Amino acid sequence: MNPNGKVTREQSSISSSRASRRMKPWLLLAPTLLVMLVTTVFPLAYSLMVSFTRYELAREMGWEFTGLINYRDAVGDQRFLASAIQTVQIIVPALVMSFVLGFSIALLLNRPFRWRGLFVSILAVPIMVAPTAGAMAFALMLTPKYGAVNDLLSILVGQRVLIDWLGSPGMAKLSVAAVQVWRWAPFHMLILLAGLQAIPDQLYEAARVDGATRVQLFGHITLPLLRWPALVGLLICFIDLVKIFDTVYVLTGGGPGTSTETLTFYTYHIGLRFFHVGYGAALSFYVLGTVLLLSVLLVQVFRWRKEGVV
Amino acid sequence: MKRTAWQWTRATGFYVTLLGVTGAFLLPTLWIISTSLKTPGEYFSFPPLWIPRQPTLEHYRLLLGEYGGVQYFRNSLIISGGNTLFVLALSIPAAYALARYQVGGRVLAFWILAQRMLPPIALVIPLFLLYTKLSLLNTFPGLILAYTIFNIPLAVWLLIGFFQDFPRAIQEQAMVDGCSELGSVIRIILPLIAPGVMVVALLTFTLCWNDLLLALTLTRSSTRTIMVFFTSALYSPTDVQYGSASGSIVLGIVPAFVLALCGQRYLVRGLSAGGIKG
Numbered sequence: 263m264n265p266n267g268k269v270t271r272e273q274s275s276i277s278s279s280r281a282s283r284r285m286k287p288w289l290l291l292a293p294t295l296l297v298m299l300v301t302t303v304f305p306l307a308y309s310l311m312v313s314f315t316r317y318e319l320a321r322e323m324g325w326e327f328t329g330l331i332n333y334r335d336a337v338g339d340q341r342f343l344a345s346a347i348q349t350v351q352i353i354v355p356a357l358v359m360s361f362v363l364g365f366s367i368a369l370l371l372n373r374p375f376r377w378r379g380l381f382v383s384i385l386a387v388p389i390m391v392a393p394t395a396g397a398m399a400f401a402l403m404l405t406p407k408y409g410a411v412n413d414l415l416s417i418l419v420g421q422r423v424l425i426d427w428l429g430s431p432g433m434a435k436l437s438v439a440a441v442q443v444w445r446w447a448p449f450h451m452l453i454l455l456a457g458l459q460a461i462p463d464q465l466y467e468a469a470r471v472d473g474a475t476r477v478q479l480f481g482h483i484t485l486p487l488l489r490w491p492a493l494v495g496l497l498i499c500f501i502d503l504v505k506i507f508d509t510v511y512v513l514t515g516g517g518p519g520t521s522t523e524t525l526t527f528y529t530y531h532i533g534l535r536f537f538h539v540g541y542g543a544a545l546s547f548y549v550l551g552t553v554l555l556l557s558v559l560l561v562q563v564f565r566w567r568k569e570g571v572v
Numbered sequence: 169m170k171r172t173a174w175q176w177t178r179a180t181g182f183y184v185t186l187l188g189v190t191g192a193f194l195l196p197t198l199w200i201i202s203t204s205l206k207t208p209g210e211y212f213s214f215p216p217l218w219i220p221r222q223p224t225l226e227h228y229r230l231l232l233g234e235y236g237g238v239q240y241f242r243n244s245l246i247i248s249g250g251n252t253l254f255v256l257a258l259s260i261p262a263a264y265a266l267a268r269y270q271v272g273g274r275v276l277a278f279w280i281l282a283q284r285m286l287p288p289i290a291l292v293i294p295l296f297l298l299y300t301k302l303s304l305l306n307t308f309p310g311l312i313l314a315y316t317i318f319n320i321p322l323a324v325w326l327l328i329g330f331f332q333d334f335p336r337a338i339q340e341q342a343m344v345d346g347c348s349e350l351g352s353v354i355r356i357i358l359p360l361i362a363p364g365v366m367v368v369a370l371l372t373f374t375l376c377w378n379d380l381l382l383a384l385t386l387t388r389s390s391t392r393t394i395m396v397f398f399t400s401a402l403y404s405p406t407d408v409q410y411g412s413a414s415g416s417i418v419l420g421i422v423p424a425f426v427l428a429l430c431g432q433r434y435l436v437r438g439l440s441a442g443g444i445k446g
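Quick mapping for you: the protein sequence lines, in order, are chains A and B. If you're matching positions, the first sequence starts at 263 in my numbering and goes up one per residue. If you're matching positions, the second sequence starts at 169 in my numbering and goes up one per residue.
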């Protein structure tokens, strides 16, 4: 239960009697556990039940138990499968690009200079800006004629550039991915910068004395010691990206056509736009399963770390 | 020490790169600010204007007046503020119990944290159905309750860290001096970890403020949040609405800026849900 891996001593003089010592912590926890039961455990159980039924909210009909039909239908649902593939097509490039960019910025910032804290803080802003607001800003910037991006490119190239960033399936995916890069690169930057600063200087000095080149320092000291923060950062980012919704909703609305529909977006459409709630619930459990799998992987990484494998 | 030409070049290169990168990451924000100050004519000028020639606060006036923006802000404030208070009230005792008494062991703490990873879509569908049945749709208590799903795990996890980091000897000393346990928490621990609690509060507030999916599904006209308001402006895009949408975004990202500038140190820890110490 120790998130920081610290071992705390057995409680000593803090409590008076044995019975109240046993009860008190549970009393302190009870309200939280109750709220979690009501807001999470119960709705999930309810949703599982709904997912086994044909339940159309739009038509005034009751539940009709259908067993695993919804889950089987999902496997044959071309649009659902496409949304899974599109999710990967959007988030994998976003993950790679945000990591590379974040790492580069972390390396750039990993030296003493004036106003360093201020720069780090400013660069951290996109992490906390609402994804909705960020996507809106990109929507305005990507307008072919009136947006900043094409204008900037025009200035660089020296002639008018009029790229329709949201017009074709490929470009639209790229644009959605770009918003994610903007949002997640600072996250990787913060994590890796913390990792870089935790590397003791003596290591570098010792290696330099032994005649190591800069490339060798980087490859044999920096990279191996950053494995852990990098891995955790990548996994957390990946888990969050799998759930991507806001950017798609605001920037492309799933379009052009259905080319930027992601898992969450499609599930939202089925369950909460067309109100096929039974089927939508089943789809949402596929999303849940995916996230759960990735989370188990994350926990495994933590375990490896403890055992010294990573 | 005298600097050589090479060192100067290097330093210049470094600062140019740094400013370029920072500028690129700030660009969306700056563009939004600039758009919110443009007149309709300026918005549709080609090539685009980077800095409005006749900056106007007209959009802000319309936004806060005719478009009823004040109401959306108020709703967002009520929901996010209410949720923050509620989450803190529940999480502080819970985190204290978990940190000091190790109740439930690793399993319970892990279970609480794991909840944060749940995909919102898996919860928003049953919540919508249940809220419809219980008439909690379009109510502030309903929304405040819904946001605890993701914010309690985060708050509890961060607070556990703060309580554990707090030197136990200080608390014991206070209790030897005749302070009750509750008294020691309220008078000694909480004031000393106040900056940390502040950041937890800000993080909770911002995550709640920023959410779209839950707000989109569980709010109706009288509880609409600012984020839902942004998106509605997109679906009937006219120049005026773009301007006021930008204006509302400018006001809508204020909490994010406050958080990034004040609590940057805790951001990593918060976002990586305790995985790494910030």
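Source of the hints: derived by calculation from the structure; they are not laboratory data. Check the hints yourself; a few may be wrong.
[Unchecked claim] Restricting the straight-line Cα-Cα distance to at most 16 Å, the calculated cross-link-like pairs of lysine to aspartate or glutamate (EDC-like) are: (1) B:Lys-301 with A:Glu-318; (2) B:Lys-301 with A:Asp-426; (3) A:Lys-407 with A:Asp-426.
[To be verified] One-sided excerpt, in silico: chain A residues whose CB lies under 7 Å from chain B: (4) Met-390; (5) Leu-402; (6) Gly-542.
[Claimed, not checked] Chain A is nowhere near these chain B residues, computed Cβ spacing over 10 Å in every case: (7) Pro-215; (8) Arg-242; (9) Phe-278; (10) Pro-287; (11) Trp-377; (12) Ile-417.
In this text, all values refer to a predicted model and were calculated from it rather than measured experimentally. All C-beta atoms, glycine included, are put in the ideal place defined by N, C-alpha and C.
Each hint tested on the structure:
1. B:Lys-301 with A:Glu-318: Holds, at roughly 15 Å.
2. B:Lys-301 with A:Asp-426: violated, 45 Å
3. A:Lys-407 with A:Asp-426: holds, 9 Å
4. Met-390: holds, 4 Å
5. Leu-402: Leu-402 (chain A) check passes; min Cβ-Cβ to chain B is 6 Å, inside 7 Å.
6. Gly-542: holds, 5 Å
7. Pro-215: violated, 5 Å
8. Arg-242: holds, 17 Å
9. Phe-278: violated, 7 Å
10. Pro-287: Non-interface label fails for Pro-287 (chain B): nearest chain A Cβ at 5 Å, not farther than 10 Å.
11. Trp-377: violated, 7 Å
12. Ile-417: violated, 5 Å
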